[in-house]
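Student: The listed protein sequences derive, respectively, from chains L and E.
Residue 52 in the numbering used here is what sits at position 52 of the first sequence, and the numbering runs on without skipping anything.
Offset between the second sequence (1-based) and the numbering used here: plus 1000.
Incorrect hints may have been included.
To be verified - Pairs of lysine to aspartate or glutamate residues, derived as EDC-like cross-links and limited to a Cα-Cα distance of at most 20 Å, are as follows: (1) E:K1162 to L:E263; (2) E:K1162 to L:E171; (3) E:K1162 to L:D260; (4) E:K1169 to L:D308; (5) E:K1159 to L:E171; (6) E:K1091 to L:E155; (7) E:K1164 to L:E304; (8) E:K1162 to L:E304; (9) L:K143 to L:E130; (10) E:K1164 to L:D244; (11) E:K1165 to L:D301; (12) E:K1164 to L:E291; (13) E:K1164 to L:D286; (14) L:K181 to L:E242; (15) E:K1091 to L:D160; (16) E:K1165 to L:E304; (17) E:K1165 to L:D302; (18) E:K1169 to L:E304; (19) E:K1165 to L:D308; (20) E:K1241 to L:E293; (21) E:K1165 to L:E293; (22) E:K1164 to L:D160; (23) E:K1091 to L:E171; (24) E:K1159 to L:E293; (25) E:K1241 to L:D244; (26) E:K1165 to L:E291; (27) E:K1159 to L:D301.
Hints were generated in silico from the structure; no laboratory data involved.
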Amino acid sequence: MHILTIGINHKTAPVEIRERFAFQEERMAEALQTLYQTKSILECIIVSTCNRMEIHAVVDQLHTGRHFIKGFLANWFGIEREQFEDYLYVHENDDAVRHLFRVVCGLDSMVLGETQILGQVRDAFLFAQEQGTTGTIFNMFFKQAITLAKRARTETRIGDNAVSVSYAAVELARKIFGSLKGKKVLLVGAGKMSELTATHLHADGVEQVTVVNRTYERARQLADKFSGEAYGIEHLTDVVQEADIIISSTGSKEYVIRRDQLEPVMKARRNRPLFVIDIAVPRDLDPSINELENVYLYDIDDLEGIVDANLQERAQEAQKIEFMIGEEIVAFQSWLKTLGVIPLITSLREKVLDVQGEAVRKIENKLPELTEQEKRIIRKYTKSMINQLLHDPIVAVKELANESDREEKLALFVRIFALEQLLLEKEEELQKQQEQIKESSPEHHQAATVIHPFEIPLRS
Amino acid sequence: MLISQGWLYHIIIYLYTLSILFYFADFLNSNRQANRVAFWLLAVVWGLQSVFFIHRMTIHPYFPVMTLFESLFFYSWILVTLSLIINYFFKIDFFVFFTNIIGFTLLSLNLFVDPDAPVQVTEMLTSNLLVIHITMAFLSYGAFSLSFIFSVMYLIQDKLLKEKKWNHKLRRLPSLEQLDRYAYRFNIIGVPVLLLSLILGLIWAWLKIGGWFLVDIKVLMSVLVLMMFSVYLYQRVVTGKRGRGLVLWNVGAFLFMIVNFLLSDSVSSFHRWF
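Only chain E is shown next, with the shape it has when bound in the complex (with noise of 0.2 Å):
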C-alpha cells in the first residue's frame, strides 16, 4: 500500500513539474497553448493530489494534517485548490503560475520529508479541536499565501509602470487596482481564520497542557504575524491607505510567517514534528 503511495506521490510530482514548466513557457514568450496545456495538467494533479489525500485519510484513523509530510501536502492541495477556482472564475494572467511555485516548492521540499514518521503529539492529547485547529491555521496559510501573491503583482506592476516597460508582460497583468483589492480580499479571509485557529490552539493546550505554553516561541510568533497582517487591515481599512507601501507591508508579513512556519517548529516545545 506504502509503495503504490509513493508512485502517486512521484507522479504527481512529474505532472506538476510539466505543468509549472508550461506556466514558465507561457510566461516567457505568451503562449496560450502552453497556457491551456498546463491548466489541464494542474487540473490532473489536483485529482491526483485529492486521490492521494484521500486514500492516506482511509489508511489512517485521523485527519491526515498531523505530520509535518501531511500538513505540507495539505498546504500544496489547498494553494492548487484555490488557483484552480480563481482561474475558472477570474481569469488571471500569470496568477496561477506565480501561486503554484509555491505550491510546487512545498511539494518538493516534502520529498525530503519521512511520510511515515508517527504522530508526535500522542493519542490522549489528539482531539477535534487539534485538527480544526490545524487545518484553519493551514487555510489562512493558503489565503495569505495568495494575498502575497497578488502583493508581489502588485510590486511588479508597480515597476513596470514606473520604468515604462511595456511589455507582453505588463500587458497581461490585471490593473494594480484589481491586484490590490485581490490582495486585501484574502488577507479578509486569512486573518480572521488565523485568529479562530489560535484560539482553538490556545484553548486545546489549555486542557490538555496546562498554562505554561503561553511562553512556547511558536505561539508567541504567531500572535505577532496575526498582529503584522491586522496592521495591514487596519490601515487599509480604518485610515484608507493604499499603494506600494502598505503592499510592501503585506509582504514582509507573510515571510514572517513562512519564517515561524518553517523555524519555529524546532524551537517549539509542543510543535514538533520531525
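Chain L on its own, in the form it takes in the complex (with noise of 0.2 Å):
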C-alpha cells in the first residue's frame, strides 16, 4: 500500500494547461467516484483550485496507482495522455507526505504562506469523506496536515505582514493610525493602483474617500464606488486639510503638493499624523515633506522595499515551518507502521481467545454442577490471564514496528505465535470485504482502505 500525488500546478503548467485540467463543481462528486471505482485505487481526495489540481491516492501498487489515475484524467478531460504527461508532477508514499504538508501550510504557493489553500484542501478532504472515498489512512493523513498547516500559522509569523504595494499602504496606515475606523482618505489623481489601495482601506474601515482629478468626470466615477465626494484637481488645497491619508498618483510632470503647501495643513490638523503614499512615477509629492513632523511619506519604491522586507521574513518563517514539517512526517510514519501491526496484534487476540474460550468450555463440560457465578468467576479470571500475557507482546510488536529491520522481526513474531493461517484467511476476507464495497452503491461506501495482514504501508 502507498500514497501517491498526481497534479498540476503553476509551477508545472501554464494557465492555458491548467484551466483544461479544471474540475467542475457540480461533477465533482461523479469524478471521485469513477476515480474511486479505478483498479488499484484504495482512498482518493481530488483538490483543484486555479492555480492546481491535485490527485491524492492510496494505491496498492505504485505502477499501476501511476498508470490508472493517468489514464482516469485522460478519460475525463479527453485529453491524450501524451499531451499533457510532461507536466505532471509524481509524488510517492514519503515525498506525497511531505508535498502535503507544504501544501497546507501554503510553502507550495504562488504567494509563501497564503492561506487559501488551507480551506480548500480541507473542503476537498470533507467532500471526499462525505463520498466516502477516503478510509483509515487519508482521514488521519488530511487531518494531520490540517492540524500542522494551523499550527505554522499560530507558532511562526509567516502570513503576519503584506506581501502586496497596495497591503503594504493599508499594513503602514494601520501602524500610524490603529484602526482605520473614521478615517478620510485623498485620492489624488484616479489611477488603477490608487483605486486599488483605497479599496483595500476602505474594506478596512475607511469611511470616507474623495476624490481629486484633472477631470472631475473621472473623479466622480472613481468617488462613486465608494460614495465619496469628487472634486477638479483646482480645488485640492482646500480638501487636503481633511484628510488623513493622502494617495497621489496623478501623470503631472511637477510636484502635485509641496512642502509649503502642507505646512499650514499640519498646523490646522493640530499636529495629527498624516500619512502620504506616492505611487506616481515621476512622483507627485516633494520628497522634503517626510522631513515635516508627523507626516510620513512614503513612495513606491519605499513601499515595495516593504513588501520586499515582508518576503523575505516569510522565506525566514518558511524554514521554521519545513522544519515542523519534517517532524511531522516522522510522527506520521511512526502511525502508519503502527497501523500495520494491527492485523497481527488483532489475530494473536483472536486466537488466544479461542484456546480460552476452548478450555472454559470443556471445564464447563466436566464440572456440570458449577453454579453460573463460579462459571462467570472461572471466565473472568482465564481472561484476566490472557491480558496479562498478552499485554508485553502487544507492547513489543508496536516497538518493532518501528526498527529498521522490522519485516524479518514481524516475521519472526509471526512465527513464534504461529499467525500464518491466521493472518492468511483474514487477507482473503478482507479482499472480498473490499470488493463488495467497490461494487456497492456510492452512498454505502465506507472507510475504503484495508489494512492488509502483515503488510508494511510505505515500502520504498
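Fit the two chains together into the complex; they arrive one by one in their own frames, and the hints show the way.
Tutor: This is how it looks when you write it as C-alpha cells:
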C-alpha cells in the first residue's frame, strides 16, 4: 500500500494547460466516484483550485496506481495522455506526505504562506469523506496536515505581513492610525493603483473617500464606487486639510503637493499624524514633505521595499515550518507503521481467546455442577490471565514496527505465535470485503482502505 | 528573620535579571518562547515581591513605604504589577520589557540602600495621612512611568517610520495612535493622583510642622512636576494637539520628575530618608 500524489500547478504548467484540467464543481462527486472505482485505487481525494489540480490516492501498487490515475485524467478531460504527461508531477510515499504538508502550509503556493489553500484542501478532504472515498489512512493524513497548517500559522509569523504594494500601504496606515475607522482618504489622480489601495483601505474601515482629479468626470466615477465626494484638481488645497491619508498618482511632471503647502495644513490639523503615499512615477509629492513633523511620506520604492522585507521574513518563517514538517513526517510514518501491525495483534488476540473459550467450555462440560457465579469467575480470571500475558508482546510488537529490520522481526513474531494461517484467512476475507465495497453503490461507501495483514505500509 | 529577607531579596533580583534577559533575547530576535519564559519568570518575581512586601508589613508596625528602601521597592512592585496586568489584557509587544527595565533598575539601585535604616520621621509625626500621601505619590509615579514608556515607544516608532526601516521591531510595535492613547490615559490617572498626594502632604505638613514648609525645594519641584504634566493634558484635551512634540514634552516631564525624586530628597528639609 502506498500514498501517491499526481498533479499540475502554476510551477509545472501554464494557465492554458491548467484551465483544461479544472474539475467542475457540480461534477466533482461523479469524478471522485469514477476515480474511486478505478483499479488499484483504495482511497482518493481531488484538490482542484485555479493554481493547482492534484489527485491524492492510496494505491496498492505504485506503477499501476500511476498508470490508472493518468488514464483517469485522460478519460475525464478527453485529452491524450502524451499531451499532458510532461506537465504532471508525481510524488510517492514520503515525498507525497511532505508535498501535502508543504501545500497546506502555503509553502508551495505562488504567494508564499498564503492561507486560501488550507481551506481548499480542507473542503476537498471533507467532500471526499462525505463521498466515502477516504479511509483509515487519508482520514488520519489529511487531519494531521490541516492541524499542522494551523499550528504553523500560530507558531510562526508567516502570515503576519503584507506581500503586495497596496496591502503594504494598508499595513502602514494601520501602523500609524491603529484602527482606520472614521479616517478620511484623499485620492489625488484616479489611477488603477490608487483605486486598488483605496479599495483595501475602504474594506479596512476607512469611511470617507474623496477623489480629486484633473478631469472631474473621472473623479466622479471613482468617487461613486466608494460613495465619496469628487472635485476638480483646482480644489486640492481645500480638501487636503480634511484628509488623514493622501494617495497620489497623477501623471503630472511637477510636484502636485509641495512642502510649503502642507506646512499650514499640519498646523491646522493640530499636528495629528498624516500618512502620504506617492505611487506616481515621476513622483507627485515633494520628498522633503517627509521632513515635516508627524508627516509620513512613502513612495512606490519605499512600499516595494516593505514588500521585499516582508517576503524575506516569510521565507525565514518558511524555514521554521519546513522543520516542523520534518517532525510531522516522522510522526505520520510512525503511525503508519503501527497501523501495519494491527492485524498481527488482532490475530494473536483472536487465537488466544479461542484457546481460552475452548478451555472454559471443557471445564464446564467436566464439571456440570458449577453454578453460574462460579462459571463467571472462571471466565473472568482466565481472561484476565490472557490479558496480562498478552500485554508485553503487544507493546513489543508495536515497538518492533518502528525498527529498521522490522520485516524479519515481525516474521519471527508471526512464527513464534504460529499466526500464518490466521493471517492468510484474514487477508482473503478482507479482499472479499473490499471488492464488495467497490461494487456496492456510492452511498454505502465506508472507510475504503483495508489494512492488509502483515503488510508494512509505505515500502519504498 | 532579616537574613531570610536578604535571601528572598537576592532571589528576586536573580529571577528578575533572568526575566529581563529573556525579554531582551525576544527584543533582539523575535523569540516567542523566550517571551513566554520571561513572562512566567516575571510572574514569579511578582509573587515573591508580594511575599516580601507582606512579610515586611507584618514585622513593622507601619505600611512599609516609610524608608527609601521600602519606597523604591514599592515603586518597582507597582511597575511589575501594572506591566503584568496590561500584558494580560492588551498584549503590547516590548512594553513589558521596557517597563521592567525601569522596575529592575529601581530594585538594583535599592541594593545599595540600607534596608534596615530607621524611619526618619519620628513616631509622633507619622500618621495615616502621611502613609496615604507617600503611597499615592508612588502610585502616580507608576502611572507616569508607564506613560513615559508609551511615549518612548511612540518616539521609536516615529523614528522607524520616518526612516522607513521596516524591520521586525517596527512590525511588532503597536500603532502610533495606540501608543499615544495609552500615554495619555496613564497621564490622566497620574495627574489627579499626584494632585491628591500633594494636597494630603500639604495638610499633613500644615498639621505637624507648621507654615514654613512651602519654601521647601521638594514641595516646589513637585508642584512644578504636576504643572508640566497638566500642560500636556491641557494641550491634548483642550487644544486637541497631537504628535511628536507633545510626546517629547511628556518624556521631558517624566525625566524632570525623576530628577525631583532623586535629587531633591537630599536638599529637602524634611523629605529625608538617608
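Student: A separate judgement is required for each hint: does it hold in the structure or not?
Tutor: Against the structure, the hints:
no. : hint              : in the structure
1   : E:K1162 to L:E263 : 17 Å, holds
2   : E:K1162 to L:E171 : 15 Å, holds
3   : E:K1162 to L:D260 : 19 Å, holds
4   : E:K1169 to L:D308 : 16 Å, holds
5   : E:K1159 to L:E171 : 17 Å, holds
6   : E:K1091 to L:E155 : 16 Å, holds
7   : E:K1164 to L:E304 : 11 Å, holds
8   : E:K1162 to L:E304 : 16 Å, holds
9   : L:K143 to L:E130  : 14 Å, holds
10  : E:K1164 to L:D244 : 19 Å, holds
11  : E:K1165 to L:D301 : 13 Å, holds
12  : E:K1164 to L:E291 : 12 Å, holds
13  : E:K1164 to L:D286 : 17 Å, holds
14  : L:K181 to L:E242  : 15 Å, holds
15  : E:K1091 to L:D160 : 16 Å, holds
16  : E:K1165 to L:E304 : 13 Å, holds
17  : E:K1165 to L:D302 : 9 Å, holds
18  : E:K1169 to L:E304 : 19 Å, holds
19  : E:K1165 to L:D308 : 12 Å, holds
20  : E:K1241 to L:E293 : 13 Å, holds
21  : E:K1165 to L:E293 : 17 Å, holds
22  : E:K1164 to L:D160 : 18 Å, holds
23  : E:K1091 to L:E171 : 19 Å, holds
24  : E:K1159 to L:E293 : 11 Å, holds
25  : E:K1241 to L:D244 : 15 Å, holds
26  : E:K1165 to L:E291 : 15 Å, holds
27  : E:K1159 to L:D301 : 19 Å, holds
Against the hints set out earlier in the document, no violation occurs for any number.
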